[in-house]
Every structure is written in structure tokens, then in C-alpha cells.
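Q: Take a look at the letters that make up each chain.
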Amino acid sequence: MSVMLTKFESKSNRVKGLAFHPTQPLLAASLHNGSVQLWNYRMGVLVDRFEEHEGPVRAVAIHPSRPLLVTGGDDYKIKVWDLRPQNRKCLFTLHGHLDYVRTVQFHHEMPWIISCSDDQTIRIWNSTSRNCIAILTGHSHYVMSALFHAKEDLVVSASMDQTVRVWDISGLRKSTPNSAPNTFDTFDNFSTVKYVLEGHDRGVNYAVFHPTLPLIISAADDRQIKLWRMSDLKAWEVDACRGHFNNVSSAVFHPKHELIVSCGEDKTVRVWDLAKRSAVQTFRREHDRFWVLASHPDLNLFAAGHDNGLIVFKLERERPAFALQGDTVYYVRDKYVRSYDINTGSDIGLLSVRKFGSPYVPPRTLSYNPAERAVLLTISSDNGLYELTNLPKDISGELKDSSLDGKRGTGHSAIFVARNRFAVLNKTTQRIEVCDVSGAVVRGITPPVQTNEIFYGGTASLILSSTTSVVLYDIQQQKTIAELNTPPVKYIVWSQDGSQVALLSKHTITIANKTFSQSTLIHETIRIKSGAWDDSGVFIYSTLNHVKYCLPQGDHGVICTLDNPVYLTRVKGKVVHCLDRSARPRTITIDPTEYRFKLALIQNNYDEVLYLIRTSNLLGQSIIAYLQQKGFPEIALHFVEDKNTRFDLAIECGNLDVALETAKAIDRTECWNRLAQQALKQGNHKIVEKAYQQAKNFDRLSFLYLATGSTDKLAKMQKIAEARGDPMSRFHNALYAGDVRSRISVLREVGLHPLAYLTAKTNGLEDIALEILEAAGLTESDVDDIPDFGRATFKTPLIVTPTANLVWPTVPGGESFFDKALVNGNLETGIEPHANGDAGAASVALDDWAKDEEQDLAADEDGWDLDASADTRPDEGDVSEDADVEETEELGPGAAPGVDETEVWTRNSPFAGDHISAGSFETAMQLLNRQFGVVNFAPLKPLFVSTFRSSHTYLSPLASLPPLQLHLRRDPSESSLSRALPTAVQNLRQIRADLSEGLRAVSGAKLPEAQAMFRSVLQSLLFVSVSSDEEAKEWRSTVTSTREYLLGVSIELERRRVAQEEPDNVARGLELAAYFTHCQLQSPHLQIALRSAIQAFTKAGNAGTAARFARKLLDLNPDPRIVSLARQRIAAGDRNPRDAVEISYDEFTEFEICAASYTPIYKGSPTVRCPFTDAAFLPEFKGTLDPLTRLTEIGAVASGLPAPR
Amino acid sequence: MDSTDLYNLKQHFFLGMAHSHDRTLPFFTRLLPQGAYKSLVEQKLPQQSSEDYIPILFYKARAHIALGDTQAVASLIPTDTENFALKAVTVFAKYISAPAGDAALEELRDLCIEIEGDDVEATEREKGWVRVVAGTAFARAGEIEEALETLGAESTTENLEAVAIAVQIYLSIHRPDLARKEFERAKPWAEDDLLLQLMESTIGLVTGKDGYSDSQSFYTEQLANPSLSSPHLLTARGVTRLLRGEVQEAKSDLEEAVLQQDGHDDAETLAASVVAAGLGPKKGDADELWSRLASAYPEHPLVSTVYAKASEFDDLVVKFRVPPLAIPTAA
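Residue numbers (the numbering used here), protein chains in the order written: chain G, 2 to 1206; chain V, 79 to 409.
These aren't lab readings, by the way, just hints derived from the structure by calculation.
Given the structure is predicted, the values throughout are model-derived calculations rather than measurements.
Warning: the hint list may mix true and false statements.
Unchecked claim - Listed next, the in silico PhoX-like pairs over lysine-lysine satisfying Cα-Cα at most 25 Å (straight line):
hint, chain 1, residue 1, chain 2, residue 2
1, G, 428, G, 315
2, V, 265, G, 408
3, V, 287, G, 394
4, G, 408, V, 387
5, G, 235, G, 268
6, G, 665, G, 644
7, G, 480, V, 387
8, G, 235, G, 152
9, V, 397, G, 942
10, G, 315, G, 277
11, G, 78, G, 90
12, G, 480, V, 122
13, G, 942, V, 265
14, V, 88, G, 480
What the hints assert, rightly or not - Under 7 Å between C-beta atoms, here's a sample of chain V residues computed to sit facing chain G:
hint, residue
15, 134
16, 317
17, 322
18, 350
By construction, the Cβ of each residue, glycine as well, lies at the ideal position given by its N, Cα and C atoms.
Work out the full structure, taking the sequences as your base and the hints as a guide.
A: Rendered as C-alpha cells:
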């Protein structure tokens, strides 16, 4: 059973007519009281009212493409209204009907309006000419509805005369309609009754065409809904839907599904199956009779009008069931499970779930298990069902239906809680069962709260949603870990790293950490639909009409607006991936700058902040206010152009330079005062001084000079005070400056003679004192009653630190970063420090590459495992098996030790490396001896040990027991013990890397190092196991080229030794130089060999041979400088083609070089060879140790590398 | 149902350890806590009257033993205790500190027989613990058969911890088939206990079933467990990843495990790091780690087996006659 989901309800007078807007969330409702309402059902607001009709308005319609509304009322009038918000008004009125107008409708392409009336006519009006262009007559009672066909030139009408009629109006379209009014008979012949459908026993209230199929449904007072089918020639009744127990007011087709929705005066809205004509669902209302029903042209949305208002409802949830795994969204569309890869955009169907639950109901939730590649779906029909199905491995042909092997059960909510466990909630019994993948219950839980929904809560935990809270519940412990009070949580979204979870309710989002110990709550007035975590830890969510963000600490804001709700699945950088309401994947490109900026601020990621400031145009008061509010005035400063704001911010963040600059620009006393205050706080008295000067704050300025010990400036202040004629100021300054005379003179000037006298007296200025007395006309005797104050001890303070010349050192504050980067304008363009979503691109690519490699390897081995047979199995395997048997008998039954994996390894592989991994050194040595003639094992010891060491690891699962030895397998996906092989500790790829390091050493002339490296490469090669012919070939070529290099390097070392120790032996030196050029080296190294030979030969006077080497060098296309040198040599050789020193070197006969004696072995001469590297030796060396590798016996019989496996 | 304290304690005991496996004491002392088990050892004991008193004391003592601190057990548990489980754990501590003698084993054997008596005053749970402790000791002593018998392997007893030990014993003697059987036996009644999941994961590690996915998922899930965090889990996942051939990922897990122990690497992590480095491109790192492992934990089985193999190598080398080096006679 599907659910009826009410989206919006209004209370009003009886609703008689309803019409959806085709694109906007608007609904027109005409009321019995004469009003026509225009509702925004998404926001739930009344947008407008049209009140010009008198009496009830029954008919209302909105134009399918133009902003027009038409209404028809009991006042016989049809009115057409402009719907545009700026001028909503009545455009014109159509007069003509002689009784109540029942329905009106616009034609989808012609400028026609159809109306029907109780005057038993149907009229078609031209809305351009505003004339009636056709009157369809024939009904013998009220015409209750008349509607156009969505595509064809047909009209269907329903009447109280118990008939439904179909009219052909094609004639109307063909001829130019007569525009002359009141000429009824002229256009009567344009339209003809095509069919009269009789069958209803009472008046018919409504009849409508199916948009695509030749079907009609009619709703009548006989409590039936009848389904009619039409052909070109006739129309007949197919069936009736019986169930309403009072008059059926209206019935419509579901725009998408094979359903009929009807409503009636029995206070019900009913849903019927179009194919079976059976009732699917009934929605009952207590008191209100339903009068009218409207369906949205595109969406799963219906409206029904009743006695006391209207309801807008959906028949099914649109929210697609989906789950996100990495970058893949698994979701359900049209009852198919599909996967959508966010990166590639590939969108494929995986599984059919058509037989799961009711066919009318889409699955409600989907939980995906990557380890098992299984999906767990729930559906709300049949009182809640779940189904667990493995997704098919290969998708080809017909998709598997989940009913084939899915495991079903009852439950309201079911989710995976671990790789092989899922939990099912049964809401009615309030019981949660944890099941394993076979569906067997392994554990039962009684939730601690009334639980409506369960979600994954992290490892071994569930999140239980009750009506007032969410509970984090530990499955193992069966107890509540934490509880948060929230409105009922409907969905949850875990962040990618599982550290945070967003709990979505209808109007709130709670962001909590994984233990629920911290949380923030966000309120939204609009309903919240979905959410997804950004890679940087910002939660992006969608409401009905917005995409918004929420920062970890709770700040949130709008990113963009939406036309229609979407369900977010994943946010990657600027792209929001989502599913739309028909479950189609979509992307929305957003501007993440604002939230990334805010996030960077919160995280003190100043690099990112700077980057964003540099690269985006983040401006505006909101950002400035935000910055200021969040305590980042110094950053806000950067954005502000306005002087006053800039000054405020500069003061707030203590940036005196900027503050001074802006204060100068503003130049207002108040600003200067504030600047002075701030500067004083920081001890920057230069700026304080400047500010006081500007503000003409002389008193403070003087005091500042006193405080800083600036005596000369104090003197100036005195003068200024004098000039200003301000005695008080003069006195102060004199006091500060310690200028007694000046003080006295001020006192005298203002007439304070006694004070002046005393000042003079106490400062020992007797003559001035006398002068004062005289001026006052007194003698000393007149004042002898004044007590002796003694000598004034007042002195100006000493200047200890000449602060005047210093500025108080300020702590380089946190703003220095931005000072540098922003204020000085050093905005170097740098690399983006943090690229959200694509920062890891490079490493991801690397990972992928690594993964590919692994897969290749595995694939190769798989191929070879098939023909693995025990052809070269060493005998030792059998021996150890025998040993097992003996041991077994010693132990009691049930405790017989099994076969150690290492034994299997030795049994499975003919390669020495694998035997070493298995720890079977003895067989390994025998193998090496047999295969490659190795006799000297001592140098191989480190390799033996490290190879063995890297093939096993240990883990202690339980306390106080010896750890388990675990064996590293070559192919981790190989779980059959009998085919197990050890991991390849030495592998070709790595060895080749080592080889190229040796080559670099050659280029760098580090010959002894190179020699050692080549030796170790050859040693490592002994331990390689090859798995394919290609690998065997590669192995062989690696051995050969390494040998050549080792030989070459050894020859060159010998040449250097000869040159140093036997300087007279020029011939040998030249020979060795010549042989070196015969080693099979890569071009750059061969060039080195040739150049060194040219040099040696030229020096020795063998110009002819040198020239020949030079020619060879030219063949290698060296760089131009060397070319010219070589040409020089060739020229020299041509001039003088003689060789001064005779050497044993015949370049015209093919030869190999004996790796022991470094002498040529010409073709056809007898040789012995190294069984491993195939290096050639003179026969005399047979049986000795190979000097190149120092491992093998020259000339020993060996079987070579075993066949790959 | 265990109380919360006891549950947490057990969870830490089973999943949070990084512990010792050798028989000599000096090794243990060098392995001291560094975070692992620490929370357990530091756990406060409840009131003596609490019904959790005995269990918590029991597991605490075992944590001490796992860390090699057998002295602490003596001071923790009164010598005159009448409780069989505590008695057993005391004897076990004695055995660990001096494994040479048979006396401790005999004592444990006696205890095992005693609890079989009809009139003995011990709960079923305590009896199970005695068997667990005794089984562990027997297994360490190499008495596999006796250990399995004591633990009630292949019987119908519902003692999950004993099953876990039996599983590990079976695995150590290369009988994953029997281990799985034992595990399957516990499945119906173990209520999906963590320990049961641990067993499944361990079996997976040995058999390599489904490319080690069980083990990988188990450790990954437990790492995300909010009520538990332990470097041992990281090490275990690192080892699992090694087995899966994901050497780089393994390295990062192991490094993280070391970081969580403030840079101190326990034997298990270090040993796994040696292996991981040996499989990576820079073999030099492996040797450096190896020398650290070999000097710090000479008793770790990796060290001892590698040493054994090295000397085996020396013995074998002499079996091959090395001919003289081919010396160029004359130019």
C-alpha cells in the first residue's frame, strides 16, 4: 500500500476548482465564496487573490505555457487574468453563457478556451479575438465538464443527462473561425458529436481523456468511475471502478503510472489500478466532502478541494533509495537498482526489484555492502519488507530479478552494520535483529527507546531514531553510548572518514561527531531534503528550494537556489552530484568559495584564505561583517574600500599604519583621537604625537612630550602656548620643562603675584622676587609674616631612556602573516595550497597505477595456475610429508598438525626464490646448483636471509599465546592452499630498477660501485620466479644485459688497473679499451666506451683504429660537439692510417670476450660458459669459479631457468 | 550479560593488546605498556562486594601477565584466595615467570581436576576461566593435546574464550579445518561476540579466504569503533594488508601504530615493518629495522627463526665445494 503524503493543506471556504501551474509551485483554487486563490504550495503562502466574480467560482485553469489564468463563475462570466506577479489583474471577461459556468480550460496550442455551463452548452472561445467561436450543443442537461484532448482535436464532456460525449473539433482548426458575433448557426457545423457514451445511471460529473492512450474515464453520481476505450469508429465501456459510496466528483489519470485517482462526496480520495480496476488505496477525511481533483501535468503531485479547503498530496515518496560507496551511487529508479559512477558518468542498471513489495511503491531505503557487493532494500508496503540480494557480477542481457535469490523478511528498516551483518528493525514489536548474510538471526536487541528508524552508527553501533531523540547504541554491549535530543531524525549522512555524522530531521540538522559527544543543531524553516559531505568536511545540504552549506561549528548559509528539490549524493569540489525527483543523476555546479573561505578561517588555514582572496572576488558587506564578527578584522581590512570602515577595522586589529593612512584621508578629530588612543595602547608615541597634533590636543601632547622626555619639543610647546595666549597651557609647559622663570612670568602675567613671588623666592630667584614685590608696591617687610618654605625641591625628572627617539617595540602579532601578504600587496601568485576534491589527484593516479600492476600480476598468475602440474617438484617435499605422518602418531587424535603452508610452497614451485621464502634453504641451494651451477653460496647469504625474512609475518590474536606465523602469498586472492605460492620478494620490476641505478653509476663513472651493483642484480635474479614466457624472456634479457655491463665495467676497471700499475703495457691497455667497446651496452654507455677508446688510441698514436672507433661513434648519433670531435679523428685517421702500437684486436672477425682473461675468443674457437649468465670463457677456465658473478662454476652442467608457472 | 565495565575491559583485553609471546622475562620487561593494555592495568578495581570484582581482578591480572609483569599479579591477588579462577591466574603467573619447572603446570592440572568435582564452590564461568588459563599454559608448554582437552575443544561446552584459544592452537599446528569447525561450533550460541569475530578474522588470516577480506573488514571496522582505539589494531590491519599484498598501505598502518605509541615500536609492529620494508623498493630500510628488531627483541619468533635459518645456511654452505676463482693466467 502506498502512502498518501500531504505536502500542503489550506483552510478556506469550499473549494470548487483547482489548477496547477505547469512550472512554478503555484496552485489556483476557486472557492464557493467567489474568491480565487493563488497558493504557493511549496512555501505554503497565499500569493494572491482574485475577487471579481460574484457568487461561487467553479471553473479555473492555468495556461500550459503562458502566464494566464481563466475562471468561470456562477455569475455566467468567464474571466481571463494576467498571472505575472507585477500586474495580476483581469484582462478581459467573456460573456455568453446563460447559466453557471462549470469548467474552463485553455487549449494547449491554439488560443482557445473551452467552457461548459448549466445552459447545456459547451463553448469554445478565441482568447485573442475574445469571441465565442463554437457552441457545442447536444447535451440535454447541465454540462458538468468539457475538456480538450491533450493532442488530438477532440473534446470530451460529461453531463447530468448521464452521458459522456466525445466531440470532433477538427473542423474548427481547419477553417478560419467566423469572428462575427452572434451567428450561431454558421459555426455549428464545425463540430460534431463523435460518440455518445452511455452507461452511467446518474448524472456524470467529470470526464477526461488519457493523455496518450485512447481511454476516457468518467466520474458520476452513480458512485462509479467508468473506463471507456475509443477506436476510430466507436467507443465502448471497458469497466467500472466501484467503491465510492457517494457521488464521485472527479477522477483523473496518474500522469506517470497506470493509476486512476478519484474523489467524491463520500469524503474519500481513492487510487485505482488502471489495468485491474481494483482499489489500491483509500484516503479518508473525517468531515469534508471532496469536490474537485487536479493533477500536476509533470510531477507526482495532486490537489483535492473539499468543503473546508484543499490539500496537495503525493501518492508516493519521490526520494529515491540510494547509498553512496566511494564515488559510486547505488540507487533505485523505476524499481531497478542502478549504479552511477560520479567520475565517469556511467549509469547502469544492475538488478530488477520489480517483484519486491507492492508494484506501486518504490523501495524506501538502500544499504550497500561493498565487501559482499550486496544491496539491502526496504519497502514500506506490506507493513515493511526488506530484501538482501547480491548484485550480479557481470551485467549482460536481461537483468536479474531480486526475487531469484534475494533473502526477504519483514522489517521497517534494515541496514548493513558490518561486512557480513545487517540489522533489521521491526517497529511494531520494537525488536532489532542482527542477522548474518544468510539471513540467520545472530542476535536480538530490544531498543532502549521507541525506535522508528535505525541507521548505521559506526563500527558495532546503531543509531536509533525515536520521536524525540537519537540514540547511539552499541550492538555488542547492548547499551546506549550516547543520546541526543532532536526532532525525529529521518536520514543520516556520515562524512567520508566516518568522523562526523549529520542527522537530518524535517526542519533541523544535527551535526555530531562519531561518539555524539559534540554536536551542533541548525534550524531551517523550509523542509530539509538531503545532504552530503564535502571532501573538506563541510556539510552541504538541500532544502526544498536551496542548496546550503554548514560548517563544522554550525555556521551555515545559502549556496544557490533550486527550482525543484534534489537529493544530494556526493559533493566533489565545485560539483554537487544529486538525484532529481525522478531519480535521474544530475550535477549542479556551485561556487564553494564562500564556505571554503569560512572554513579556512575557522581552521586557521591562512594559505587557503590568501589563495581564495587572491583568486576570487569575495566581496560585499556580508563577508566583511562575517570576518569582523568572527574576529578576523585584519582580513576584512583587505576587502574594504570605504575609508571609515577601513579605519574602524584598522583600529580594531591594531594596524596603525593603515589606521594612520585612513585617518589622514578622513581627517576628523574624532578619528585622530581614536587613533591616538590605539597608538598609545601600543606605545607607538610617534603616531600618538601625530594624532594629538592633528587633533590639536595640546595638553595631552605636552604631557606626551614630558612622558617621552622630549625636552626640545616641550620648549616648542611653550612657544606655541605663548602664541596661543593660553596661560594655563604655558604654565603646564613651563612646569613640565622645569622652566621656573617662565612659570613665574606666567603667574605674573595672569596677576597671581603672590604665587609668582613665592615661586621665585623658593627657587632662589631673589632678584625676581624683589622685582615682583616692587611691582606690587610692597617691601620685604610687608611679607615677613610668610613662613619660610625653604628651597623648592621640585625638579624635572631625569631622562633615563630617551624614549623620544624610540618607538616601543611591538610584538609581531598574528596579523604579520596578512600584513606581509595583504597590506604590502605582495600577492605573489602561488600554487593553490589546497584544492578541494582534486588535491589527491596525482596520488590517486599513482594508486590506480599500482592497482593495475597488481591486477596484471594476479591475472598472469591465474593463467598459469591452470596448467600447474607437479613436473619439477623437488623430492624433499615428499620427505617432509613422511615426517608429518610420523609426528602425527605421537599426538592424540584431533590434534594432528596439518601441512605447513611453507611445505606447499616448496612443493608448488621449482624456483629457488620460493624455496627460500619457504625456509627450505637446502632444496633452494640444490635447485640453484642444478639450475645455474651455483657453487659459491656465501655471497648469497644476505639475500637468502632477507628473502626468507620478508615472506612471513607474525600476529598475536590472543594474549599470552605464541603469535601465529602468517605466510605472505603471491596472489592474495588465491585461497586454495594447494596452489599457494610465496610472495615474490625479488621481482623483475624491482631488479630492473636496481639495474638502471647501476647504469646511472656507469654514466657517472663510478665503476667499482657499478660493478658491485651489477653483481647484486645478478644475484637477485637468481631468486626470481617467473610466471609467464614473457617474464622468462625478460628475465633472460635482463641477465644478459647485466652480464654485458658487468663484463664491460670489469674490463674498464682492468684497463685502469693496467694503466696505473703497468704504465708500460700500452698494448694491453689499448686492447682492453677496444674490448670494452664490444660489450653490448646501451647507446649512451657505448658512446662513453668508444670515446674513451678513441682517446686512448689517439694518445697511443693508433690513429687508424681511433678513426674506425670514431666512425662507429658517429653511427650512434651523438650530440653535435662529439660529432665534430669524431670527424676530427676520422680526418686524422685518413691522413695517417697507421697504428703505432700493435695490439691483439681484430675487429673484423666476430669474437666474444673471455670474462676471466679479457681476451678475445674468435668465432669458431672452443669456449666454456657460465651456466647462469652464459658468459664465455677460454676452455682452460673450466671448473673454476666465474669471476664475474663469483657464484657459479664455469662449464658446469645446468638445467637453466625452470619453465614458468 | 556482562556489566559495562567488564565488557569494556574484555574488549580491551581481546582487541587492544600488543603483547608478548616469549618465555623469558627480560623480553617482557622491554615490552612494557606504551599505551597498549595500559588502560586495563590502570583500571580501578570495584568494591570487593561488587559482582564485577572477581572478573575484573581476573582480567587485570591477565593483562599484567600479558605484559610480563608477573610480580604485579602476586601483589594484586591475595595469596590466600579461595577463588579458583584467581588461584589459576596466580599459578599461571608463576608459570610465566619460571616456565622451566613442571611444578606450576602440575598445579594447574590439579586445579582443573578439582573444578570437576561435584561439590566445588565455583561458578561455571569461573571454571571456564580456570580452563582458559590452564589451556593457555599447556599450549605454551607445547602440550597441545592436553591444552585442547582442557579447553574442551570439540565438546559442547559454551566457553567462548576457550574456543578462541583452541582455534589459535589449531591454527598454529596448521589445522585451519579444525579451527573452523571449532568456530562454527561456537557460532550458534556466541551471539556474534567480538571475540567470535576476532576468531573468524584470525582464521581468515591463516587461510587467506576471500583474499583476507574478513580480516580486513574486521580490523577496519574495529578501528572505527568509537569505544576502542589501539595501536595493536593498526598493527593487525597492517599485517592483514601485508598479506593482501598492499605493502604501501601496510606501511602506513604500521607507521601510524608506532606514532600512536609515541614513536616506540613494539615487537609485533617492528617485525611487521621489517617484512613490509623487505618487500618495498628500499631494502636498506629493512636491514636497519631488522637490526633494531634483532637487538631489541631477540626472542621474537621472527628473529629466532631467521637466526636459525642463517646458521642453517652456514651449515649448508660447506656442503658445496667452491672451486678456485678463474684467474687470468697471462695477458
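Q: Each hint needs a verdict: does it hold in this structure or not?
A: Status of the hints after comparison with the structure:
no.	hint	result
1	G:428 <-> G:315	holds (24 Å)
2	V:265 <-> G:408	holds (20 Å)
3	V:287 <-> G:394	holds (19 Å)
4	G:408 <-> V:387	violated (52 Å)
5	G:235 <-> G:268	violated (35 Å)
6	G:665 <-> G:644	holds (10 Å)
7	G:480 <-> V:387	violated (51 Å)
8	G:235 <-> G:152	holds (19 Å)
9	V:397 <-> G:942	holds (14 Å)
10	G:315 <-> G:277	holds (22 Å)
11	G:78 <-> G:90	holds (15 Å)
12	G:480 <-> V:122	holds (21 Å)
13	G:942 <-> V:265	violated (47 Å)
14	V:88 <-> G:480	holds (15 Å)
15	134	violated (16 Å)
16	317	holds (5 Å)
17	322	holds (4 Å)
18	350	holds (5 Å)
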